[in-house]
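**Q** As a plain string of letters, each chain reads:
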Amino acid sequence: MLVILASLPTLLPRFYVYILAVIFVMALLAMSLNMLVGHGGLFQFHHGAFYGVGAYTAALMLTKTSLPAWMGLVAGPFAAAFVGLVIGVFCVRLNRLYFGMLQISLGSLLWAIAFRWYNVTGGDDGIHGIPLPSLIASSTGAYYCGLILLTLSLLVLYLIYKSPFGATLQAIRDNPERCEAIGIHVRHHQLMAIVIATFFAGISGVLFVVVEGSVFPDLLFWVFSLEVFIMCLLGGWFTFAGPIFGAAIIVSLRTFVGTYTEYWTLILGIMLILLIFFLPEGVWGYLLEKLGGRKHKEYR
Amino acid sequence: MELLQTITLPALGSHLLVGLSRAMILFVVTSGMSLVLGVLRVPNVAHGSLYMIGAFAAFSISHLFGGGPLGFWLALILSPFVVAAVSLIAERSLFCHLYEREHLMLLLFTFALMLILGDLVKMVWGADYRSIMAPEFFRGSVTLFEAPFPRYNLFLLVVGPLVAVGLWLFSNKTRVGKIARAAAVDREMVGAIGINVSWVFAFAFVLGCFLAGLGGALVSPTVSITIGMDHDIIMDAFLIVTIGGLGNMWGAMVGSLIFGITQSFGVLFLPQFAIVFPYLEVVIILIWRPTGLLKSVW
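Protein sequence lines correspond, in order, to chains Z and E. For the first sequence, position 50 matches number 50 in this note's numbering, and the numbering has no gaps at all. For the second sequence, position 78 matches number 78 in this note's numbering, and the numbering has no gaps at all.
Simulated from the structure, these hints should not be mistaken for lab results. The structure displayed is predicted, hence computed values, not measured ones. Treat the hints with care, since some could be wrong.
Said to hold, decoys possible - Label pairs and their computed distance ranges (CB to CB): (1) H63(E) x V120(Z): 40 to 50 Å; (2) E136(E) x K64(Z): 54 to 64 Å; (3) P135(E) x R14(Z): 54 to 64 Å; (4) T261(Z) x I284(E): 38 to 48 Å; (5) L144(E) x K64(Z): 43 to 53 Å; (6) E180(Z) x R289(E): 20 to 30 Å; (7) T261(Z) x D232(E): 23 to 33 Å; (8) D125(Z) x R289(E): 32 to 42 Å; (9) P148(E) x L253(Z): 47 to 57 Å; (10) L85(Z) x N196(E): 41 to 51 Å; (11) L152(Z) x C96(E): 42 to 52 Å; (12) K64(Z) x Q272(E): 18 to 28 Å; (13) G66(E) x E262(Z): 25 to 35 Å.
From the three backbone atoms N, C-alpha and C, an ideal C-beta is built for every residue, glycine too.
Full structure from sequences and hints, please.
**A** In structure tokens form, the structure reads like this:
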């Protein structure tokens, strides 16, 4: 699989290489979201905020400071995780929907700042033409960068899911009261999960900068975050690899349906309703179930 | 110094009034959302789309009747019913099969409705800016606090409390309202004593959407009616019902007042960052009181 993916840039036209790189970005973001929603049962409604923080941090450090480029790129995920920590501290004290609402208002706060602080963030125009190191400046370079980051992140996330921490997180999702009763510090685990997930969201934000060479406030807008939600749903909440499929399907549909009709959101909406009615397990979840690849229902 | 000179007592007073009339629009919209949240337990993301449809329907109806005062009043009365019809169709054909699902699915379902309705509005009315005129009687302004205040906004200040009283009477004094409140607390029990909960839900949902449509119709003479109205209002509406206490009508009122007034003062004090204030308030209030200011039914 990896060999095939690694050889694709030599075989495909540049446009497709670019689309694949976009899929990598979205897949990484959707996977980090799913760690919280599918695996942890936390209503992270504004995941795009951390993606945006990662992207803006990298973009600002690359354009406004004279620090080495790699420092800017590395700073993105850490900035996102830091914001995740600060926001998470307040959010984990709240229940379910209130968690989501506090999160969405904090995220919207960040969006509003990115949108209005013209001097620093460029306001609604965003920042364009970000200078990148020559190694990753080309579309092929961005593709390989995405592939490597996605593979590494997948490995790390998989290890986290299989660790005692991952199992505890899942137990908290299924029955928080009982976990509390047997002495697990629920909020600590949730906070930790938020920090990890926002770190990966930050990586995908930096990757966005690498692929697109620009940032704009829409990344932090709540509608975008809900679209990432759809990616997880489409792939399957309770599967590990589902979000990757969801991201791939949404990005390719947007790219190819978007060229035929301006009513792309209508099609997305209809698709979502069909999913909710007929495939609540998601495409990947459904396939796993049909193929019998899943011996026991690992995620719920 | 320049800033301080613009802040005079009359300026504060007139901004307060503008904020209050904005709060009344927000209240009409969010009271409907709060009703749906309270009775059906559904965070309805499509609520803003129904508000937008209400505004566009008001535009079409008032143009159908020549754009005069008659057209305006008919638009105000009829467009909420247009929205109610749309919501009834959506509820009976799709929504009513999903009540047993978890909140997240319901939320995503209403998000799908928002995406669909947004594009349908674009198909029917196009992407242009539209506007309608209030009748002669409401045009112009009166002088309050030594500053001009639009007459139409005075009308809004009357309508908001009327809606609040009407909703209170409905939920406390009528049989359907009492059943709806009971269903909000324990829907199995209400079903067990022989009441068709499904229709109670449908009624509550349609009434909530009716209020969204009413809000859209009421706001239509004061703003330009355009695609994207749904995005503009829905986040505010959600935050308002959250800080008020999910599903609490008076909470929606309190939240709307806070939002409306700080928005208008925000424009006065810090124009560039006025949009930041509502979010900041929600953050502070939720950290202080994790389930909203008033009692939440969730």
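**Q** Compare the structure with each hint and give your call.
**A** Evaluated hints:
1. H63(E) x V120(Z): 40 to 50 Å: Between H63(E) and V120(Z), where Cβ atoms are some 45 Å apart, the hint holds.
2. E136(E) x K64(Z): 54 to 64 Å: About 55 Å separates the Cβ atoms of E136(E) and K64(Z), which means 54 to 64 Å holds.
3. P135(E) x R14(Z): 54 to 64 Å: holds (59 Å)
4. T261(Z) x I284(E): 38 to 48 Å: Since the Cβ atoms of T261(Z) and I284(E) sit about 44 Å apart, the hinted range of 38 to 48 Å holds.
5. L144(E) x K64(Z): 43 to 53 Å: holds (47 Å)
6. E180(Z) x R289(E): 20 to 30 Å: holds (22 Å)
7. T261(Z) x D232(E): 23 to 33 Å: holds (25 Å)
8. D125(Z) x R289(E): 32 to 42 Å: Since the Cβ atoms of D125(Z) and R289(E) sit about 38 Å apart, the hinted range of 32 to 42 Å holds.
9. P148(E) x L253(Z): 47 to 57 Å: holds (51 Å)
10. L85(Z) x N196(E): 41 to 51 Å: Taking Cβ atoms as reference, L85(Z) and N196(E) lie about 49 Å apart, which means the hint holds.
11. L152(Z) x C96(E): 42 to 52 Å: Holds: the Cβ-Cβ distance is about 46 Å, inside 42 to 52 Å.
12. K64(Z) x Q272(E): 18 to 28 Å: Given range 18 to 28 Å: holds, Cβ gap about 20 Å.
13. G66(E) x E262(Z): 25 to 35 Å: The hint (25 to 35 Å, Cβ to Cβ) holds, given that G66(E) and E262(Z) are roughly 32 Å apart.
No hint from the list above goes unmet by this structure.
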